[in-house]
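Asks: Here's the letter readout for the chains.
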Amino acid sequence: NAGVTQTPKFQVLKTGQSMTLQCAQDMNHEYMSWYRQDPGMGLRLIHYSVGAGITDQGEVPNGYNVSRSTTEDFPLRLLSAAPSQTSVYFCASSPRFVAGLHNEQYFGPGTRLTVT
Amino acid sequence: AQSVSQHNHHVILSEAASLELGCNYSYGGTVNLFWYVQYPGQHLQLLLKYFSGDPLVKGIKGFEAEFIKSKFSFNLRKPSVQWSDTAEYFCAVNADRDDKIIFGKGTRLHILP
Chain F
2 NAGVTQTPKF QVLKTGQSMT LQCAQDMNHE YMSWYRQDPG MGLRLIHYSV
52 GAGITDQGEV PNGYNVSRST TEDFPLRLLS AAPSQTSVYF CASSPRFVAG
102 LHNEQYFGPG TRLTVT
Chain P
56 AQSVSQHNHH VILSEAASLE LGCNYSYGGT VNLFWYVQYP GQHLQLLLKY
106 FSGDPLVKGI KGFEAEFIKS KFSFNLRKPS VQWSDTAEYF CAVNADRDDK
156 IIFGKGTRLH ILP
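If you read the sequences in order, they're chains F and P. Just add 1 to wherever you are in the first sequence, counting from 1, and you've got the working numbering. Just add 55 to wherever you are in the second sequence, counting from 1, and you've got the working numbering.
So that you can see chain F by itself, here it is in the shape it has in the complex (with noise of 0.2 Å):
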């Protein structure tokens, strides 16, 4: 299994720019979520999926688009990029629940994204 992939690695845009982070897994997890990890904030929830067609907004959800069209893909869009954004994606994973709350997360490797 390759686990959790995410593409690219690095990226830089330009303020207004628009682009997704791919994130795929291939252990049929339910669950899915991107977070942003920045200095001193630790990481915070951006959009979640507990399943193909089910997305929800997490702590930190403007200027981010989700879909969950399938089990493995779970896609992050950024609109309209500010550098505000600026900051390393984690797209993580995890298997079915555990006595109705959530198992443990599996992270991707991260995408470090600057906005200038």
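If you are wondering where the hints come from, they were derived from the structure by calculation, not from laboratory data. Ideal Cβ placement from N, Cα and C applies to all residues, glycine included. Keep in mind that the hints are not guaranteed to be accurate.
Said to hold, decoys possible - Far from chain F by the CB rule (all over 10 Å, computed), these chain P residues: (1) H64; (2) G77; (3) Y91; (4) H98; (5) K104; (6) F106; (7) D109; (8) K126; (9) S139; (10) D140; (11) A147; (12) K155; (13) I157; (14) K160; (15) G161; (16) P168.
Claimed, not checked - In silico DSS-like pairs for lysine-lysine, Cα to Cα no more than 27 Å straight-line: (17) F/K10 with P/K155; (18) P/K155 with P/K104; (19) P/K104 with P/K160; (20) P/K113 with P/K155; (21) P/K113 with P/K126; (22) F/K10 with P/K126.
Claimed, not checked - In silico contact screen, one side only, chain F against chain P (beta carbon under 7 Å); selected entries: (23) L44; (24) L46; (25) F108; (26) G111.
Go by the hints and put chain P onto chain F.
Replies: Relative to the frame of chain F, chain P by itself:
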């Protein structure tokens, strides 16, 4: 809404010292609790998790954590740290009836050789 607090933002220890990193969460119901570690240049990996049962859980690399429900705490411990434990440590919580998994701000641990 659930939230997580990690009190120590930056900890510096010498090798062989004992470690305790604090984690408190704010939610009165049932929770799953996690500690993740991020080594320099790497992505996050699970250290240990608590779902139910024995409140003292053991993880990889000699780490353990104790869930104290009355204190809403899930502190991470290691009796004797090594230089290779230099990393950033994150506590995370998932509350029942909520699909969000929320992370704390992390504790950067630096071990002096």
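Asks: All hints are to be evaluated individually against the structure, with a verdict given for each.
Replies: Status of each hint after checking the structure:
no.	hint	result
1	H64	violated, 7 Å
2	G77	holds, 14 Å
3	Y91	violated, 8 Å
4	H98	violated, 5 Å
5	K104	violated, 5 Å
6	F106	violated, 6 Å
7	D109	holds, 15 Å
8	K126	holds, 20 Å
9	S139	holds, 20 Å
10	D140	holds, 19 Å
11	A147	violated, 8 Å
12	K155	violated, 6 Å
13	I157	violated, 6 Å
14	K160	violated, 4 Å
15	G161	violated, 5 Å
16	P168	holds, 25 Å
17	F/K10 with P/K155	holds, 25 Å
18	P/K155 with P/K104	holds, 16 Å
19	P/K104 with P/K160	holds, 18 Å
20	P/K113 with P/K155	holds, 24 Å
21	P/K113 with P/K126	holds, 20 Å
22	F/K10 with P/K126	violated, 40 Å
23	L44	holds, 4 Å
24	L46	holds, 6 Å
25	F108	holds, 4 Å
26	G111	holds, 6 Å
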